[in-house]
Structure formats: structure tokens, C-alpha cells
Amino acid sequence: MISIRRRTVVASALAAGAAAAAQPARAQQVTLRIHHFLPPQAPVPAGFIEPWAKRVQDQSGGRLKVEIYPAMQLGGRAPALFDQAKDGVVDIIWTLTGYTPDRFPKSEVFDLPFICGNAEQTSRAAWTFYERHLRDEYRDVHVLAVHAHGPGLLHVRGNGVRKLEDMRGLKLRAPTRVISQLLEALGAVPVPMPVPQVPEALQRGVIDGTVVPWEVTRSLRIPELVQSHTDFSGTRALYTTLFVFAMNKARYDSLPADLRKVIDDNSGAAAANELGRVMDAGDLPAIEVAKARKNAIITLDAAETKRWQEAAQRVIDAWIADAAKRGFDGKALVDDLRGLVAQHAGPAG
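First residue of the sequence shown: 75, per my numbering; consecutive thereafter.
Keep in mind that the hints were calculated from the coordinates and are not lab data. Check the hints yourself; a few may be wrong.
Dumping the calculated DSSO-like pairs for lysine-lysine here, alpha-carbon to alpha-carbon at most 30 Å [unchecked claim]:
hint, residue 1, residue 2
1, LYS180, LYS368
2, LYS160, LYS323
3, LYS139, LYS128
4, LYS160, LYS335
5, LYS139, LYS323
6, LYS335, LYS128
7, LYS180, LYS323
8, LYS237, LYS368
9, LYS180, LYS380
10, LYS160, LYS399
Let the hints inform the model, and build the full structure from the sequences given.
Pasting the structure below:
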């Protein structure tokens with residue numbers, strides 16, 4: 075009886091000790107590092123990435139800690155970000171997929187001219203499009219969200235672009251392969267570079283202007299470096315492009331189920347929609363900065379916009395032909411994206 079009682083006491087003590095030892099393990103904090111290419115005051119870092127990190131930390135009860143490293147503080151250049159997430163150099167990245175030409179060929183459909191709407195409309199379409207068509211292109215990472223920026227427009231020195239002929243010979247920064255082709259088709263000389271390099275390139279006269287959405291111009295001081303901004307009539311943008319917010323697969327898979335759920339609850343369609351809203355909201359204060367500097371804000375009328383659409387059609391045709399050589403149906407992707415955008419933006423016009 076005594077030995078049985080002793081065994082029971084010892085077993086209870088061991089069980090209590092094991093429970094005590096397990097408790098810190100269950101409550102162990104996991105640190106996730108987010109790396110991106112823009113300054114912290116830009117709309118997406120300030121309006122989405124920082125609030126996202128806080129939500130994740132709060133919803134995990136403090137077990138997830140998120141550190142944010144803007145402006146490539148952990149090293150490398152913006153085109154390296156996707157591989158940094160894939161290889162586990164960092165845990166989470168936010169980047170422009172077009173910074174690595176030819177790597178995401180189906181995603182390039184978002185770069186095509188006069189197909190997409192504003193940022194929220196296109197981002198709503200983007201998540202559905204990703205689920206239907208793009209999972210294979212991003213299989214090396216765990217995708218948290220994909221989204222698009224708002225309508226891209228021209229920001230140019232001097233009198234600016236008021237008709238198609240004004241594009242002739244202009245050296246304009248281009249973000250991606252397809253948008254380089256678009257600028258060339260419109261008469262300009264594309265100069266590919268990531269957006270953080272644009273201010274210095276403008277200051278040094280390497281470029282005459284750039285194509286970017288309004289929202290990023292404020293944090294990069296572009297209204298101080300150009301004198302004109304040219305946009306287009308209608309409900310479809312000159313161009314947009316696709317971004318990905320993604321996590322290292324092994325890091326995601328290593329999390330306990332409850333912490334993975336916290337990540338999942340802050341991913342997907344809702345995150346894509348939020349990113350789109352943040353980008354659209356960022357346009358308005360940037361426009362006010364340009365107005366305050368007395369810059370020319372030009373909107374081409376419907377007839378002139380149609381001329382640009384006709385000149386740009388060859389880029390869509392060439393992309394569809396190139397897609398066939400790559401082994402996928404580019405026309406089907408263009409048609410599906412147009413249909414998805416129309417669900418959120420209404421008919422093109």
C-alpha cells in the first residue's frame with residue numbers, strides 16, 4: 075500500500091512537472107520578420123503592413139511578434155524579395171511580382187493596358203484570379219494576399235503629356251517587362267528600374283518621368299521632381315500591376331495550428347480588399363500635394379484616350395501570342411480578368 079501510494083505521488087509530481095515544463099513551450103513567442111522595399115510612411119507600409127502586424131500580434135495573445143523592416147533594411151534589392159521569402163532569409167515579404175521578368179508569366183496579365191479598374195476593384199478580382207489561375211506560379215511560398223495598385227499614370231517633367239505624340243522619345247521609368255513594351259508602343263523610351271530608384275533618376279536626369287500610381291508619389295517626393303501628371307478618361311487604367319504578400323512555406327508550416335489560424339484569418343480575399351482600399355485612399359493626399367505645388371494635372375479626354383487604347387492594343391495581342399509559345403491560353407486569361415474586373419468596376423467605359 076505504501077509503495078503504491080509512493081508511486082502515485084511520484085507519478086503526480088512528474089505529471090505536474092511535465093505540465094509546468096510544457097506551459098512555457100505552449101506560450102513561446104514566435105518572431106516573424108517582414109521585409110519590403112518602400113519607406114515606412116508609404117500607404118501600404120503605414121496603412122496595411124503595420125496594422126496587419128498589430129492584429130496578428132493581438133489575436134495571437136502576444137505569441138506572435140512581428141518585426142517590420144522597410145526600405146530593404148535587411149539587405150538586397152527589391153527584385154530579391156520573393157527569393158528571400160522562398161529561401162527563408164526572411165519570414166514575410168511584400169513585393170511587386172514584375173520586378174523579376176518572365177518568372178510569373180500569367181501574372182503579367184495585370185500589367186496589360188486598359189483592362190483593370192481602381193485598386194480595390196482590381197484587388198477583389200485579383201484574389202479570385204489567383205485562386206483560379208496563379209497558384210502554380212506561387213507554389214514556392216505561402217501566399218497571404220495578392221493585389222493591384224490603382225491606375226498607373228504619367229508623371230513627367232516640363233509641360234507634360236497632352237497627346238499621344240508627346241510621348242515620342244521621352245525616357246520613362248518602367249516597372250515591368252510588359253509595361254516597358256507598352257511605353258515603347260506608345261512612343262517612349264522605357265527605362266526599367268524598381269520604384270525606390272526613381273527620385274535619384276529624376277534628379278540626375280536619367281529619366282524624363284515615370285509611370286506610377288498616385289499613392290506612391292507622395293512618399294517618393296515625385297511631385298517635387300516633375301511638373302505634370304497625365305491621367306486618362308474612362309473606368310479602365312492605362313496599366314496596373316500585381317503585388318504579392320507572402321510567407322516562407324516552412325515557417326508557416328512550422329507554426330502551431332492555432333497560430334496558423336491567426337495568419338489565415340488575416341489572409342486571403344479580405345486582406346486583398348484591404349490592400350486595395352489602402353492604395354485607393356493613398357491617391358487623394360498625393361493628388362493634393364501635386365495641386366499644392368501648382369503642378370499640371372491633365373486628364374486626356376475620351377477621344378484622345380481612345381487613340382492610346384488603339385495604340386496599346388498591339389501589346390495585348392503580342393502578350394497573347396507569347397503566352398501560346400509559353401504553353402498557356404493568354405486570351406482566356408485576358409477574358410477572365412476583364413470579366414472579374416467588370417463584376418467589381420462595372421462595364422468598361
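Structure-based check of all given hints:
| no. | hint | in the structure |
| --- | --- | --- |
| 1 | LYS180 to LYS368 | 40 Å, violated |
| 2 | LYS160 to LYS323 | 7 Å, holds |
| 3 | LYS139 to LYS128 | 9 Å, holds |
| 4 | LYS160 to LYS335 | 21 Å, holds |
| 5 | LYS139 to LYS323 | 18 Å, holds |
| 6 | LYS335 to LYS128 | 15 Å, holds |
| 7 | LYS180 to LYS323 | 21 Å, holds |
| 8 | LYS237 to LYS368 | 21 Å, holds |
| 9 | LYS180 to LYS380 | 26 Å, holds |
| 10 | LYS160 to LYS399 | 27 Å, holds |
Taken one by one, the earlier hints fail for this structure only at number 1.
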